[in-house]
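Okay, here's what each chain looks like letter by letter:
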Amino acid sequence: MLTLNVLYDPDCGLCRRSHEWLAEQPKLIEMTFVPCASEEARKRFPQLNHDLTKKDLTVVSDDGAVYFGPKAWLMVLWALTRYREWSYRLASPELLPTTKRVVSAISQNRYQITRLAGLNR
Amino acid sequence: MTIVVTTYAVYLAISIALTIWVAHTLHKNGRIFLVDVFHGNDALADSVNHLLVVGFYLINLGYVSMALKLGYAINNTQEGIEALSVKIGMVLIVLGGMHFFNLFVFSRMRKRTNKRQDHPPVGPDSFTAVEQEAA
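As you go down the protein sequences, you meet chains A and B in turn.
Using my numbering, the letters of the first sequence correspond one by one to residues 13 to 133.
Using my numbering, the letters of the second sequence correspond one by one to residues 1057 to 1191.
Bear in mind the hints are in silico, worked out from the structure with no lab data behind them.
Just so you know, not all the hints are guaranteed correct.
Stated by the list, open to error - 30 Å max Cα-Cα, derived DSSO-like pairs, lysine-lysine: (1) 1084/B - 1167/B; (2) 1167/B - 112/A; (3) 39/A - 1167/B; (4) 39/A - 112/A; (5) 66/A - 39/A; (6) 66/A - 112/A.
Here the structure is a predicted model, which is why all the values come from computation and not from measurement.
From just these sequences and the hints, can you work out the full model?
Here it is as structure tokens:
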């Protein structure tokens, strides 16, 4: 695995901010950022369910493995030099249910969080 | 030869022998670690190993020669042996400290590279076709 393609929601301020933060982090694995359900995304992943990618963060590795929702977040952490250890910790059987709950809650409420935190610019 | 000079000579002989022995042990056994750290790149491992041992020699022999001077008179053999024992003890502690520091460096290097080889924390949900970019 050489590259992770991160399909993010360009309409969400929180996601755009996270994207900026991610772009600056030192990485163990390269990441490319593709706006979800965009023409570029449809071209690169013709068989992917693009309506689903609008609902939650999706990561596709360059060998075609699809990670959706909490798994996508863990893969993004895993790609970062400073947070790889955390990805294992959060994916451990003890913590995975909590991780999934927290991540889903953030994803589902991302527009509200963006509004509350004033990230809409 | 006076007792003091004899003490110094014995001190130097034992200290240098100890340093050589520890450095040799490090050199011989550290290599396996380093080859693993550098993913089987023997030349690089040998080079780093050699550099580490040179540093080890410099620090230890530097300490040995700085700690040579006794600073008080010795009147008989008993006092000579006592002084020698304190000096050698210090050298052993410094060598031990340096040795553990080296082990720490080795294990840190090893841990750091191991992290890079690890598998993803979770398995994929599904697989999809990827169109290679024209660029």
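Contradicted hints - numbers only = Structure breaks no hint.
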